[in-house]
Amino acid sequence: MIAWILFHLFVFPGMLFTGVLGLLVGWLDRKVSAWFQFRVGPPLFQNFNDFFKLLGKETIIVKSAVKSVFVVAPLAAFAVLTLIATIIGLALFYNEGFAGDMFVVMYLTMTFSVMVILGGSSTGNVYSSIGAGREMKLLLADELAFILVFLVPIVKSGYQVQFDQILAYQQNAGAIIGSPSGIIAFIVGILCIQAKMTLAPFHIPEAETELVDGPFMEYSGPLLAFWKLDHYMMYVIFPFLLVLLFLGGFNLTGIGILWSVLKYVGIVVVMIIIKNTNPRIRIDTALNFFWKYASPLAFIGVILAVLGV
Amino acid sequence: MKANKIPIGPFHPLLEEAEYFELTVDGETVVDIDMEIGWMHRGHEYISEMKTFTQSIYLVERICGICSTSHPIACVHAIEDIDNIEIPLRARYIRTLVGELERIHSHLLWLGLAGHFIGYDTLWMWAWKYREPVLEMFEIISGNRNHYGMMRVGGVAQDVDPAKLIELHKHLDMIEKKMVMIAKAAKDDPVLRSRLKGVGVLTHEAAVAYCTVGPTSRASGVPGDVRLDEPTDAYDLVDFERIVLPNGDVYDKLVVRVLEIIESIKICRQCLSKLETVTGPILNNVKEISPGEGIGRYEAPRGEVFHYIRSDGTNRPIRHKVRAPSYVNIPSFKASCIGIPIADALITLASVDPCYCCTERSIKIIDKNHDSCSFDLIKASREKTEQIRREINAD
Chain W
1 MIAWILFHLF VFPGMLFTGV LGLLVGWLDR KVSAWFQFRV GPPLFQNFND FFKLLGKETI
61 IVKSAVKSVF VVAPLAAFAV LTLIATIIGL ALFYNEGFAG DMFVVMYLTM TFSVMVILGG
121 SSTGNVYSSI GAGREMKLLL ADELAFILVF LVPIVKSGYQ VQFDQILAYQ QNAGAIIGSP
181 SGIIAFIVGI LCIQAKMTLA PFHIPEAETE LVDGPFMEYS GPLLAFWKLD HYMMYVIFPF
241 LLVLLFLGGF NLTGIGILWS VLKYVGIVVV MIIIKNTNPR IRIDTALNFF WKYASPLAFI
301 GVILAVLGV
Chain P
1 MKANKIPIGP FHPLLEEAEY FELTVDGETV VDIDMEIGWM HRGHEYISEM KTFTQSIYLV
61 ERICGICSTS HPIACVHAIE DIDNIEIPLR ARYIRTLVGE LERIHSHLLW LGLAGHFIGY
121 DTLWMWAWKY REPVLEMFEI ISGNRNHYGM MRVGGVAQDV DPAKLIELHK HLDMIEKKMV
181 MIAKAAKDDP VLRSRLKGVG VLTHEAAVAY CTVGPTSRAS GVPGDVRLDE PTDAYDLVDF
241 ERIVLPNGDV YDKLVVRVLE IIESIKICRQ CLSKLETVTG PILNNVKEIS PGEGIGRYEA
301 PRGEVFHYIR SDGTNRPIRH KVRAPSYVNI PSFKASCIGI PIADALITLA SVDPCYCCTE
361 RSIKIIDKNH DSCSFDLIKA SREKTEQIRR EINAD
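As you go down the protein sequences, you meet chains W and P in turn. Each residue of the first sequence is one higher than the last, beginning at 1 in the working numbering. Each residue of the second sequence is one higher than the last, beginning at 1 in the working numbering.
By construction, these hints were calculated from the structure, which means they are not laboratory data. The hints are all genuine.
Derived lysine-lysine pairs resembling BS3-like cross-links, with alpha carbons at most 27 angstroms apart: (1) W:K31 <-> P:K178; (2) W:K137 <-> P:K197; (3) W:K292 <-> P:K197.
In this text, all values refer to a predicted model and were calculated from it rather than measured experimentally.
So here's chain W without its partners, still in its complex pose (with noise of 0.2 angstroms):
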């Protein structure tokens, strides 16, 4: 029993499986915005090569920061990710989940911005401590519409809060995205997800021409190898997380396989899309974009799961 949680934590379909798989999609990240931009691109194995480079390099710890949370952070954000990509996949690949685990992953996606922040303002450098603030303000501006967006799918499979519940409520009525309201859910997932991920235009936090990727200017070596690994895994989990929620999860049988390869990437190059066609807004016009259009629409999504729709 040990033994497998220790497996599903640490291999499959945790850490190990996310680590690689993410930073293969960091490739394709890489690759399909160079073709859009007519470049070349990297080598399939130039992440690997990226993450293990940092690895082997100094890390300079700032006299201005506060040395634990400045450690700490990075390695705590990788070890949140590592669940909440243990909790998706084990509902997607086996069909488990535990009362309530939906809220568990809503909680730890929180806490892993959370993690930016804390990592972010305990350098002492004002870009990093500007960089931290306008993270908390995208946490503020999307977190209601990513509840909201997970609210449709609680609703729509008869007010179930656990993962392979849902699952199986769309095995049997068909995949959530097939109503209106799973519609308007999704395309509003997507767009929190961007700002969860911090991807163009809600790369506001980071913001390399101005605040010098901003919470992480100050990190280096394996703890920037880490925030680094961090955001490749975001592109495996909330892609999964989407999945699960809304297109009824992976069929792993026969032609199922294709599909499910192409749910994932499908998802995967809309966000690509939309990274590469969309300059970096204003944290302000973030704000006023998910609370004055976005969390509307995903409410109207839930009332349209009520009634039904």
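Since the structure of chain W is already known, use the hints to place chain P on it.
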């Protein structure tokens, strides 16, 4: 909330060159901005006084890598102004052709960088991809992609090979097609419009008060354009329009530049067709420059560039003064950056297309009492040279 100071520079991803801006922010709002220039002194004006007139033209070409033909054009204008030297008609067309091609590639470079600064890397790569054929045109004309070495006192150094005109026309057709596409994409893109509209407004009054030049002022409704106000070379022989927009925000600056690219293509096309028919020499042989002084003005991509040259009858200038357009555009940040969020302030900093290597003319010296005082850089560098000479002589 306590006001924070954010340093932008001397080395920062926003700036391709060393420069220092200090934003005082309250939360995310900029309440004050301080700028400090003088990180990149290279002493061009002084070196120029040790070169002959012909050499100094090639020297000023090295002031800036982007507007690398604007400085030579202004420089030869200044030297020609001393003796009122006439230049052949064919040379006038070639000068204008090179100058306008440079405007196209410089504006495209800015468009790309602006895209990068607002996190729109796709626009960046696209703009720079279509900048490439312009550089190829330069290669066909002069043999170089940058630093063309075309300008000489009394004309131009190289003729445009008539056999290559068809190839140049072909390139220009391709560029025009792509430019119309990019102009449409940049002007009509709703996300870009919402991101840049009303951002970093430089009012008409402020644009006049800060003496801004070039696209920066034309986007604020100030219609200054040296090409039309004091036409030199072939500018009075070609037909093009003055682009002036009223709002003064970053979006208008973008549109002004994009429309200017289209106008420049129009000018290049006219010059190329004229080069098919106009024949004759390309260089008046100028034996010597008489004592006197002259000024040269040229509308560089960033605005008016100004050269002053004084001659004492020998073969080298005894005073060479350069005023680059960014030098007057940079202080206008005081008017346009205050009271807007950091994210907007930074794209506003980039919106005047600042060229720091053109600008640097002064040094900042902090004295014992920590009071800073600006010195004339040329004076300081001369004193340094004199001091070195004295030391050498003493040995």
